[in-house]
Structures are given as structure tokens and as C-alpha cells.
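For chain A, the structure is supplied; the task is to place chains B and C on it using the hints.
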Amino acid sequence: MTEPLLRIRDLRTYFVTDRGSGTARAVDGVSLDLYPGETLGVVGESGCGKTVLSLSILRLVPEPPGHIRPGSLIEFEGRNLLTLAPRDLRAVRGNRIAMIFQEPMTSLNPVLTIGDQVAEAAIVHQRLSRAAARSRAIDLLRQVGIPEPEERTDHYPHQLSGGMRQRVMIAMALICHPQILIADEPTTALDVTIQAQILELLERLQRELGMAVLLITHDLGVVAGTTDRVVVMYAGQVVETASTRELFARPQHPYTEGLMESIPRLDRPRARLHSIPGSVPAATAWPPGCRFHPRCPYAWDKCRTEEPPLLEAGTAGHTARCWLVAEPARRREEAAR
Amino acid sequence: MTAPAPLVDVQDLVKHYPGERSWLGLGRPRAAVRAVDGVSFTIPAGTTLGLVGESGSGKTTVARTLLRLTEPSSGSFRLDGVDVFSLAAGPLRRLRRRIQIVFQDPYSSLNPRMTVRQTLREPLAIHDLAPKPQRDARVGALLDEVGLDPELADRYPHELSGGQRQRVGIARALSVEPAFLVCDEPVSALDVSVQAQVLNLLADLQQKRRLTYLFIAHDLAVVKHIADQVAVMYLGRIVERAEAARVYEQPRHPYTRSLLSAVPVPDPAATAQRIVLPGDVPSPAHPPSGCAFHPRCPHPKKNERCRTERPALREIAPGHVAACHFAEQPI
Amino acid sequence: MTIASWLTLFATVAWTAAVVAWSRRVARRARRDSGRRFFRHPAAAVGLAVLVLLATLALCAPLVAPILPSTQINITDLQNRPPSWQYPLGTDFYSRDVWSRLVYGARVSLGVGTLGMLVAVSLGGMVGAAAGYFRGWVDGVLMRVVDVGLSVPRIFLVLAAIAVWERLGVAPLILLLGLTGWFATSRIVRAEVLTLRERPFTDAARSLGAGPWRVIVRHIVPNAAAPLIVSAALGIGNMLLLETGLSFLGVGIQPPQPSWGNMIADGRDQLMVAPLTSIFPGLAIALVVMALNTVGDALRDALDPRKS
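Protein chains in written order, with the working numbering: chain A, 1 to 337; chain B, 1 to 331; chain C, 1 to 308.
Excised from the complex, chain A in its bound form (with noise of 0.2 Å):
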């Protein structure tokens, strides 16, 4: 049994929110373990928590009005990356762990080039000379499939397509040959063809570089095509993990079944869309018990009062924080009525 390279243990991250209505916990105890050369999928609606998650590993969470409460582990090579030092945490951003955004037009600078900024992490973690990290970059830039890139190292972002664009950061990211690449997003804002190159990419350069990935999206479709195993996030906590497989043929908490159910797909008939009742909660305000709940189809007495805790759903590996787990005679119960 391999070692995982991230260990996350009881995450916690709050926001103080200036509307007097008390403290947002975004991320509410998240555990997870990222394993070498897998890529595993963060999958979440707005609100779960899954973006400040991804901050919150590389402590990119602006201190106030944010701070992850002590307590909370984030193990990489052995050190916790939440008591690093300053000097010592600049090391291992960009360097050793990696991180690309949703919107890279907003991510990258508009009045450097693309080459210097490619190069940046190179001559700050490297030690190259200008020429050497400039020669490094137009590899990067070629490798991630921009076409004649000595011509267009020097462009400006503006100058590129969305797809582009996306590709840059991602050489941004990888020019390190960083072990773990965080991927927030990197489809979401783009079209659906040039979706397809991006993943196409990401896949290709992941094997290339036997890096592991944490991809966070809100898409199942993405998820299914891309990640060996996922983790559900709802209300800041992780509510299911599985592998991928596993977690498409046999969902085992409700709000994954609910989404499921919801998603308008390809290849199933034209139907009136199941819809998961009711909304997200506010971070302010996560309801008692478990805080599915509210919108759970199968709740019952034990749901609004006791918080479930991850419990083992058949399969190793696949766990779901759901009493129905311990009860599955409910569930048959439930779709008889």
C-alpha cells in the first residue's frame, strides 16, 4: 500500500463575515489523501466548500477574513505545510505542489509576456539564468501544444484565445515538474471543444510527468472522464469518496444520487429533470444533525439530530457520511412508500 503524497486531516477553515451573522465555515473538517500519480476528483456545487479547499493547501486563503483553524494537518514530504516558515512555503509553491485557476485571463499578468512569465517559476525556484529559464519556457510552451512558440514567448495574454491561455498557465505550472498539480476549475470558462484539448492535455502531460492531480469541478461529466477516484464535498464536508467507478455504479449518499439524477445528459432520453429541492445552506448557518437533510429524500429523526460520520460503504475505499449506510433497510423503505 503506497503512501500518499497530501495527507489532509480535519481541515478547517473559517471566514469572518462582516454582516454581523456570525463566522462562515467554508471548510468544516475535511480529510482527504492524494496518492502519486493518481488524479483525484473534487466534486462539489458552489457553496461546498471545494475552492477554499484548494486554497486553503497551497495557504492562499487571505488571512483575514480567512484563517484554518489549528488543529487542522496538511502533510506533504513529511512537514506540515500550515506551520511551514514563511521562506520555506514560497519553496514548495510553484515548485514542488502547483496550482491552476478557473479564469486565466484574470491569472495571468496582461503587461508581461508570456515567455517571462512562464520562465518566473523557473529562475525563482531553479536558479537559471534569464536565457536558460527563457529556453526552458519555450520547451514548456511546446509541450503544452501552442504552436510556434518561440514567436509566441513573447506575446502578451491578451493577445492569445481562452484555450490558449489556459495552456500558458499550465506550463506555468508544470515548468517545475512540480509532484502535485491543483487544477481549480481549468475547463470551466472555457468552450466545450476547447474543453476537450484542455483535458486531452492534462491527461497527456499527467502520464508524461507522473504527477498527481487534484482536479476540483463542479462537472460530472469531467469527472467521469478524468479522475481514478472522487471525493463529494456538501456544506464544507467531504459527504462521499470512492473511486470513480464505483462512485458512478453504486452512489451511495443521496446528494450524489440527487446530483446524478439532476444532470442533463447525452445519453439518456429528453425527460423532465429530477431536481434536488431547496438550496444550499449558508455557511453561516449549516443545519444540525446531517446537513443534507433539509433536501434529503430519505431523512429521518436521527438525520436532524446526530452529524454522521464517514462510514464504510461496502467496497474498500468507498465511504459516504450517511446513517443510511448503517441502515440501508430505510433506503428500501423509503422508495416503497
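There's no promise every hint is true.
Taking CB as the label site, the calculated pair distances span [said to hold, decoys possible]: (1) A:Pro288 to C:Trp22: 52 to 62 Å; (2) B:Gly19 to A:Ser31: 55 to 65 Å; (3) C:Arg31 to B:Ala312: 56 to 66 Å; (4) A:Thr17 to B:Gln207: 54 to 64 Å; (5) B:Ala269 to A:Glu333: 22 to 32 Å; (6) A:Thr188 to C:Pro212: 28 to 38 Å; (7) C:Val217 to A:His67: 41 to 51 Å; (8) A:His67 to C:Gly140: 43 to 53 Å; (9) C:Leu249 to B:Gly19: 50 to 60 Å.
Don't read these hints as lab results, they were simulated from the structure.
On a predicted model such as this, the values are computed, not experimentally measured, just so you know.
Note that the Cβ used here is the ideal one computed from N, Cα and C, for glycine as well.
Positioned in the frame of chain A, the structure of chains B and C alone reads:
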């Protein structure tokens, strides 16, 4: 006995933006940007046409010209026989009751300084649709119809969720009792579970009020659940149009095929070969010669003719048109 | 100062504290965040208090300053006296009560500043909104006028106007300050309007059948108000400084009518003997301008809708 004339009849809709001039506005004018380059379709009353395309396809421009938010360069649009493009300001204002639009972004499609009640009362006031004392009752009825608690009437948009705001936008559009509703990517900015709710709402409203929809989207899976007809746009033109089922089962244009295969399917067992198109979505300012799709086209029979001769939109089967030289031999 | 006027002064201070406390309470309870964001700056409450206090004093001038500002009390004995219970800020070279002059001068200086700002903001707002909404040649013409206005140094414009008309009354002075100060505001408003007219809710209003007038008044202006309000708050400070500068030079408000500017000028020759006669009005100006800037900054944060 002939079928009744379709409610919506658009013919050869064109919208050009004049090219920018270099030299501070004094140099030679550059070529025009042909955002919409000859689009035609009809929509029978009570049905939905799904208009699909990526960025640069011109689908949003089509929506804006139909509403005359942007004036078209040429073409005609007949709504129930009335030529919308030739109306003067007065009659146009009256006609605006019959055609409405739901916008994509629930965050910026509502005036942040107006409460829901004020937003919904405004169309009633503009068109004098109810005597003042009854307007509040109308507002309550509208909120109810879109599935919102009438208590929300005194909230500001920033106090509502994305799904709620979008419902308010729909209620606003319905307040003037339109016959034709243009939905410009109404669910793209919403979460998956909310998306389903809003799509169901739109389907219910269509049935209840006998509405006709032009449903614009980039997501083919979403369109499948609401459209009776589907038209696929690429670089300002329609490249394929047919009954929805035919487009999904027997697409004739290589772009449609590529779009369909690019949509990620939530099923890990579905490992169908994905067609990944090379290159970027072209910009309407620099359209390729001949067939606009040819630089990226994966069709095995692509040849010189594709590069030089633009294929006409022709009928391949009854009710099914496509613009490809090899439409009879789809990939 | 009589006992009655001292009491009134304390009452005014208490009233100011009450007003500020009441505003904070309203802000905390309100549905909209803007009030709470405003008071998040500790200096904002202080600035607000200073402004409320001075405005109230100015309005209640006869009650808190019983001696008229131009009264020469006792030219032989009471010249250049330091502060005392009877004359809280002392007397000046002409044995006039400095406190009275300060309070009555507040009327003039604050009044000219506020009214001048109102003229400038109204004019700038209308021009900017028209230019931004209609664009085309309207925009072109108006913005060229603004370009000219911005390129000429304002102080020269004002001095030139004064040179032509010699003595200016208060009203013409206000107009002059207003008419020379609207250019920057129009640019700001125009920029806001340009973005607002592209927002979908403006399209929605148009597609519902709203005419341009309704769109501008009901949709664009309320949303463009934020930068306008901030510009106004900071603008009063500018106007105030300009007026005091002119009065100092002797071409603004004419003595014996007190203005903080001409009070400083009067005390200039006495700086060795009685520096306080110049320092007090100077302090007052500095205090008001700082308060206005603080309140303006806090308003900018409060009204910025992105911070929610």
C-alpha cells in the same frame, strides 16, 4: 390543409460591425466583423428551438437583434406576421409585450438598487397593465408562478441566491404576457441542482402559457431536454438544423459530431472515442476562406473544395438541413 | 460668551454625539451592508462627528456666539487677548471675538464649499451621464469641452474671472467655483455610465419597453450614485480650500464678513504677537478637510457593491 404559419419567422438575418480603422480613425477601414452572417429559422407556436454554438458563433447577437437591443444590418423577423424590424418606436414599444428575454447572468440582469417588487412592478407601469392598487397582487401572483415565496418581494437582488434571481428574471419577462421568449443561456451560470429546477420551470411555463422559446445555449446536453428543434451555429451561420432527435442521433455536419463527442458524459464506462478538434474557435473578424470550419474539420474526405467553396445550407432529409459538402457521408 | 451660550455649546456637542450614535445604530440594524461598512473605519465616526458638530455650530451661530463677528469689543484693552472664559478663542487685532468669527466664518466657508460642490456635482453628473449614455457626437463634443476645462489650471480660471469682475458677492463666488470644478466629476460619471449601459439589467429595461429617460433616471443614475457621492464628499474639501485660499489673498470673501481664509490673512501680521488668531482658523480648515476626506474614503468603501 396547410399548417398554420409559424409564430417566429426569421430570414437571412445579418449583423455586421464595421471594422475598426487604424490611424486614429482616419485610415482605410478594415474588413467588417460579420457576427451574424445570414441566419434563417422558423419556430412554430408552443415549441422550442435550441440554438447551439460556442463563443464567436453569433448566437447572442441573434438574440439581441431579435429584441432590437442591437439593430440588425439586414434580414427580416416576422412575429405572428408582423415585421418586427420595420416597426417605428411607438409600435415597437407595444410589440415588446409579445417578445421578451431571459438573460444569462442572474447577478447582473437585475438592478441591484431595486427590490424584487420594484423590478416586477416596472413592466406593469411601463405598459399600464394593471391599475395601481392591483399591481402588488400581480407581483405576488408572478412570484408564485415561478416558485418563489411572495415574502421575497421586498428583498434586494444581493440577498437572493443565483437560482432565485434567475426566477425573478423569468417572472419579469412573464409580467407582460409575452408569446415568444428568448432565453439566452438561462442556466449556464447556475449550479447543477438549480439548473434542473429552472429547466423544469421553463418547461412547465411553456406548457401552461403556450410559450414559444428560442433557447440559446452552448451545452448540448441541456438543450436536449428542452428543444423540439435544434440549430447549430458556427461563425455566424447555421451549419445544421433539424428536429432535435435527428440532430442528436444522426448529425450530418462534422462540427455537430465534434460538439456531441466533446460533451463529457457522466459515465466512466462510456469510453467512446472523443473527437478532439485542433486549433482555436475562430474569431468572426478573420473567418477562414471557403467553409468556415475547414481548418479544424476532422472529416476524412476534406479536400480543396472545402477550402475554396463555401457549402450552402441544403436539405439532406425532410426537415433536416446541413452545410457540408459531404453531408451525405457523415463521419 | 455668556453662560447661555456655553450651555448651548455643550448641548450641541451632546447632540452631535447622539446623532453619531443613532447613525451607528441604524447602520447596524439596516438590511443593506453599506452603513456597517462605513462604520468599520474607526475614523469614519470621528470624521462624521466633526462634520455634524461644525455644521450644527454654523447653523446655530447666534446661539453659541452671542457677540457679532464684526463687533470691535474694546479696541484699547482687549486687542490680541489669549483665550479666556469670556472669549474662548481670544480676540484678534481689532478686538473681535475669534470664536464668533470662527463660528460665523464656518457658515461662509462650509456654505460656499457645500453649495459650490452641489453646483459642480450636478453639472458634472448631468454632462457625464449624457455623454456616457448617448455616446456618438454628444460624447465627443462634451468630452472635448471637459478636456479643455481640465487642461486649464483652475486657480488661473478663477483669478481671471475675479480680475474681470473685481468684487464678487458670495453667490457669484459659489457659481464660479462650481462652474470651474465639474470637469473631473463628469469624467468619473461618464465612466460609470459607460459600464452601466452595457449591463444586462439595462438591456432588460430596454427590452421591456422603457424609454431612454426612464432607463437613465431609474436604472443608471441610482447605480452611478456611488462614485458621485464620494466625489462630492471629497469635492467639498477642494471647494473649501479654494475659497479659503481666495479669501486669504483678499479676492474671495471680503472683510468684515468673516471667512476662515480672511481670518488667517488678518492674523498674518500678528503672528509674532498673537499667533492663535491665525492658527485657530487654520486648524479648523485642516480639521474639516481631514474629516471630509475620511468620510469620503469610508463612503467609497461603504458604497462599493463588490465588497459583499
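Cross-check of the supplied hints:
1. Look at Pro288 of chain A against Trp22 of chain C: about 38 Å separates their beta carbons, and that is not inside 52 to 62 Å.
2. In this structure, Gly19 of chain B and Ser31 of chain A meet the distance hint of 55 to 65 Å, their C-beta atoms being roughly 57 Å apart.
3. Taking 56 to 66 Å as the suggested C-beta distance range, the pair Arg31 of chain C and Ala312 of chain B conforms, at roughly 59 Å.
4. For the hinted restraint 54 to 64 Å between Thr17 of chain A and Gln207 of chain B, the CB-CB distance of approximately 42 Å leaves it violated.
5. The supplied range of 22 to 32 Å is met by Ala269 of chain B and Glu333 of chain A, whose beta-carbon atoms lie about 30 Å from each other.
6. Checked against the given bound of 28 to 38 Å, the beta carbons of Thr188 of chain A and Pro212 of chain C, roughly 37 Å apart, stay inside it.
7. About 45 Å separates the C-beta atoms of Val217 of chain C and His67 of chain A, a value consistent with the hinted range of 41 to 51 Å.
8. The hinted window of 43 to 53 Å between His67 of chain A and Gly140 of chain C holds, with their beta carbons roughly 52 Å apart.
9. Restraint check, Leu249 of chain C to Gly19 of chain B: a C-beta distance of roughly 55 Å satisfies the suggested window 50 to 60 Å.
Figure legend: structure checked against the earlier numbered hints; hints not met, in rising order: 1 and 4.
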